[in-house]
Amino acid sequence: MARVLLLLSMMMVSLSAAAITDVYPFDSDADEARFRTLVAELRCPKCQNQNIFDSNAPIAKDMRDEVYRMLLDGASDQEVKDALVNRFGEFVLYKPEFNQRTALLWVTPLIAILGGILIVIGVVVRSRQREHSTVSLTDDERRKAERILGGDDSAS
Amino acid sequence: MYPELGQFTLILALLLSVLLATVPLVGAITGRESLMGFSRPLAAGLFVFVAIAFGILTHSFLVDDFSVAYVANNSNSMLPWYFKFSAVWGGHEGSLLLWILMLAGWTLAVAVFSRRLPTVMVSQVLAVMGMVSVGFLLFILMTSNPFNRLLPNVPADGADLNPLLQDFGLIIHPPMLYMGYVGFSVAFAFAIAALINGRLDAAWARWSRPWTTVAWAFLSVGIALGSWWAYYELGWGGWWFWDPVENASLLPWLAGTALMHSLAVTEKRGVFKSWTVLLAIVTFALSLLGTFLVRSGVLTSVHAFASDPTRGAFLLGLLAVTIVSSLTLYAFRAPVVHTRVRYGSLSREIFLLLNNVLLVSSMLLVLVGTLYPLVLDYMGGGRLSIGEPFYNTTFSPIAIAVGLLLGAGIFSRWKKTDGGWLGRKLLWPAAISLLVAAAVVAGFGNFTPWAFAGVFTAAWVTVATVADLWLKSASRQGRWHGLRRQSRSYYGMVLGHLGMAMTMAGATVVSNYGVERDVRMAPGETAEIGELRFTFSEMGSRQGANFVAQYGRFDITREGELVATLYPEKRQYHVQRNVMTEAGIDAGLTRDLFVALGERVGDDAWAVRIQYKPLIRWLWLGALFMAAGGFLAIADRRYRIRERASETASSTPGKAEGNVVEAVS
Amino acid sequence: MRRILLFIPVALAVALGIVLFAGIGKDPTHLESALIGKPVPAFALADLQNPDRVHHDDVFKGQVSLLNVWGTWCPACRDEHDDLVRLAAEEGVHIIGLNYKDNRDAALQWLSRLGNPYALSLFDPQGKLGFDLGVYGAPETYVVDADGIVRYRHVGVVNDQVWNEILQPLVRQYGGQG
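Residue numbers (full-length UniProt numbering), protein chains in the order written: chain A, 1 to 156; chain B, 1 to 665; chain C, 1 to 178.
It is worth saying that the hints were derived from the structure and are not from the lab.
Warning: the hint list may mix true and false statements.
[To be verified] Quick look at which bits of chain A chain B covers, simulated, 3 or more residues with Cβ under 8 Å:
#	region
1	35-48
2	84-91
3	105-114
Glycine included, C-beta positions come from ideal geometry on N, C-alpha and C.
Pulled out of the complex, with its shape left as it was, chain A reads as follows (with noise of 0.2 Å):
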């Protein structure tokens, strides 16, 4: 394992400068990141369902183009989501910003946890409250069972 990290780490050390140009290059690597960050969070409009990276419509190559512009401009990453959500409407964002509308997308998984969790506690406390512990199997069931399956209970 540790060897296999070394060798892991090795490859990774530097991204040297590339031999030959890249079809969109950046100055920085912080801004190759956003771009590529950005290009992987917003939907091709023609599409059947694929982010503008991955698509090879036009219209996914003509807005690639247009991050790429604006990012090379200066703009930040809200300034490009927001260009084209004024063309193409909230439906190029991936992921969707919390608002009126969304709100319940993204509060209802907290609200299955926490309820869960607080559901959880009450089985626990409910069962502190009765004193006497019973075995949960009754006998007669459990001797059913092992009639009907002919098997030990050893498993764990």
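With chain A's structure known, arrange chains B and C on it following the hints.
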């Protein structure tokens, strides 16, 4: 002649399924053994007729019978024979027939492997499965008949199978996936039968468990195959797109995972019965929902079948009847009495219950994410997209929480676990995992909190699982004896959890430390990722069976030594004329190297995407581990009585399907 | 009392079923323009026939127009062209053409061969205005009111049915106000 025969056998199968859905049930209600005795022969008959229909459709494909509309739309005489074979389920009608074949296969498996169950229970379970069959046979016969003819204007040749689907992955991906989807119908049928009987007890949980586990194992393999196929066939090296159709397969998987664990509690401790039975219903309902989403055209997806409103409406009606009636039955019959059990706050029950909370929440997250655009559109709120960035921020934390809980829960005991004892047990795993995570993150030289958390969790699960095995296998007769003493179901659990850790490690590392570069390259030029040099040596072209391909030759070297030579292609298929990207991939356990040709830019230069994908194989390997764990668990001694009871038949339901394939080819 | 809680799943399932039922038969690829209710983006584009003349967004002022996005490379544009010619000639619809990502000679040839339905043709070889409009596939047809505000977008072929059922009522509605 043959296609008409196929249609006729489907009608016969429908008749048999109607009988299967009613006769044994009447027998169970009136207590007449003679009527209940019909359930097994009817199940067998149903399977035989569906299998014959499937065989006939396959035959039509193999002999290029383009008078059959479905064959004409999905095949071509130039197609190699193995793709003609897999083209049987390359479209809506045929894949639906495969679905039904699987359903009949599972029904038969229940009939065969349930000799020791009470007759009343078996006949009720088979009757419920018969009802599901009735619905789907009606659906295929009324809206999606695969045997419809194009007469008298028989096309000279077929429109060909979609080139994306002309691939090895597609031969096995849908059958595995459907085995999983449909397999959950067994747990569903057991749940319904138990609700009807009012006998939701430990025995019910014990009977349901192996069926659920097998279905879950198949589904795991199916999902992994789909992800693998997308990775190498869709051309851009993505392995999970959070596409509605992918989500549709993930939903029953998440619910099924919760169900497996909840069944364990119900079997061992006889508690959470209402919850478990609800999960059994929901899991199958989600399988059905997935089928609906893929086939009704309500969502946009790369993978969806051509949409048809009639089919959508019919299928929705089928879903409504199945799900609403079963949930109503649940509402009236599920027990509400509290079992008088005392739970220690760190007992295994509570850990498993929390695991259920998280799994079901993640399922709800995916469900809401998949359907929210539909709901919003319905309310007039406009169009919305929900994709990868959304799930990355929401799903990943839950997955990590599941892993953290799992590692701690492994050591816990039923009924009551001492907190201090548990804390001491967890000290070493925590320390080791921290070290591993730090080493990995330092090795890649780029710290991100998510990468660290993901690697830590994967290590945590692994170390805890192995440590638990080590503790359990301590024995005075030596380690080997101790290891052998553990049950198969325990080893199944160990494998499953290790598999989950692998998948997690793979997903974390490849998404955080994978490198992608889009470069403009002409033959003779070189691009680099780290110390790897990708040299574009030349372009060439070659003839395939039904396509011509332009390919690039890329030699990848490290410090002058050749690592791999890859040949990414752009294929043009003769019939449908579309151009497909075929990536060149050098697969390895620690990393994949991936080269794909994009558009031609300039005279001889190409846009080329080169990628370095560390640990990507672990994703799918982990899924295989999980599935292997599932199969191992049901080979446990507790269940082996089933094998002895049926020496004529094969030992697992999976093999029953093997027979189908033989009969067909 | 507790039993009522057990009805929650079935209630949720029914609600979901209604939404899914409403979704059947709808085209999930249908996308409303983001510009509805907003003015046509500012532009300065040359005339197709007369390269020296430059048009601005004030060409939409004064009357309700259809803005038709087309190109000679687009097969569906050929399908709708005869209908557009008929609409312009017989119904007197004011149609402004946006020749999108095309070649001037090919476009002129197309118009002289098939007839010219456009009161005015904008030439947008780089697809600049098209991009600002959010055009994602030709042909697209916009209803623009007399103040230059985008009121509707239709993606796909304009034929008799689309005109009669969708576009004409809109043109009437905004024409009446203007």
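Here's how the hints hold up against the structure:
1. 35-48: The restraint on the region 35-48 of chain A holds, since 5 of its residues have a Cβ under 8 Å from chain B and three suffice.
2. 84-91: holds (count 3)
3. 105-114: Holds: 6 residues of the region 105-114 of chain A have a Cβ under 8 Å from chain B.
Checked against the numbered hints above, the structure violates none of them.
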